[in-house]
Amino acid sequence: DAGVTQSPTHLIKTRGQQVTLRCSPKSGHDTVSWYQQALGQGPQFIFQYYEEEERQRGNFPDRFSGHQFPNYSSELNVNALLLGDSALYLCASSFLGTGGTEAFFGQGTRLTVV
Amino acid sequence: GESVGLHLPTLSVQEGDNSIINCAYSNSASDYFIWYKQESGKGPQFIIDIRSNMDKRQGQRVTVLLNKTVKHLSLQIAATQPGDSAVYFCAENPKRADSWGKLQFGAGTQVVVTP
Chain A
1 DAGVTQSPTH
11 LIKTRGQQVT
21 LRCSPKSGHD
31 TVSWYQQALG
41 QGPQFIFQYY
51 EEEERQRGNF
61 PDRFSGHQFP
71 NYSSELNVNA
81 LLLGDSALYL
91 CASSFLGTGG
101 TEAFFGQGTR
111 LTVV
Chain B
1 GESVGLHLPT
11 LSVQEGDNSI
21 INCAYSNSAS
31 DYFIWYKQES
41 GKGPQFIIDI
51 RSNMDKRQGQ
61 RVTVLLNKTV
71 KHLSLQIAAT
81 QPGDSAVYFC
91 AENPKRADSW
101 GKLQFGAGTQ
111 VVVTP
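For the record, the sequence lines run as chains A and B. Count the first sequence with the numbering used here and you get residues 1 to 114, in order. Count the second sequence with the numbering used here and you get residues 1 to 115, in order.
Source of the hints: derived by calculation from the structure; they are not laboratory data. Glycine is no exception: its CB is placed at the ideal position from the N, C-alpha and C atoms. A few of these clues could be false.
What the hints assert, rightly or not - Listed below are several chain B residues computed to face chain A (Cβ distance under 8 Å; list not exhaustive):
| no. | residue |
| --- | --- |
| 1 | Gly43 |
| 2 | Pro44 |
| 3 | Asp49 |
| 4 | Phe89 |
| 5 | Phe105 |
Put together the whole structure using the sequences plus the hints.
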C-alpha cells in the first residue's frame, strides 16, 4: 500500500499564475481533504471532497478550488497566485465509514510563489 | 472562534526520559482528538487518537490522556528516542456530522531529544 501520494513534491510559480496539485488517497479511502500549512504553523483546512463533490470548506477564497475523480483521487487548483500562498499543501485521505477518523496525510507539495 | 492550542512551543528532552506534550482545546463539542508527528519535510504522521468518551488510550510507547473537565489533552512518550525529535500536533475532529473530517490543528510543539 503506497499510502497517500502527492505530486509534485516541490513547485515554484510566479505571482498571478495558476497551479494544480494532485493527490492519490490511501487504498480503501473515499474522502480527500486539503490543508495549507504555513511555515511554523499547524495545517489549516481548505476543503474536503467526497463522492466527487465539495463537502465542506474552510476560510479560503474562491481562488482555491478542487476536484475529485471517480477513482477518489483529487486536485487542488489555485488561481491568481499571491506571495502569501507559499506554503506546504497537504492532502489527507480517510474513509467516510469511520467518520473521518484516522486521516492519513501525504508528504505534501511545497509551493513557492515568487 | 474555538480553537485547539498547545502550551509549550519547544520541549527539550534527554534521551531515555519520558516526554509529555500538552494541548488545550476550547470546543467542548469535539468528538475525537488525534496526535500527529511531523518530521522536517514530511507530512503529519498519525500517532494515536482518542474519542471523547474515553479518558486514556495507550499505544506503543505512547499514551494519550483526555481531561474533558478542563479541556486538556496530553501525549506521553515513554523512553524518548532521537527518532522522536519532531513537531507534534494535536488535532480536533468536530462532532457535528457536517463537520467531521475538518481537522482543527494547534500550532505544534517542537520536541528536541538530546543525547
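Hold the hint about B:Pro44 up to the distance rule: shortest CB distance to chain A must be less than 8 Å. Since the shortest Cβ distance to chain A is 5 Å, the answer is holds.
Verify the interface restraint on B:Phe105: the C-beta must sit less than 8 Å from at least one C-beta of chain A. With Cβ-Cβ at 3 Å, under 8 Å, it holds.
Closest C-beta approach of B:Asp49 to chain A relative to 8 Å, hint status: Since chain A brings a Cβ to about 6 Å from B:Asp49, closer than 8 Å, the hint holds.
For the hint on B:Gly43, just tell me whether its beta-carbon gets within less than 8 Å of chain A. Result: holds, 4 Å to nearest chain A Cβ.
Does the interface hint hold: is B:Phe89 within less than 8 Å of chain A, judged Cβ to Cβ? 5 Å, holds
When each numbered hint is compared with the structure, no violation occurs for any of them.
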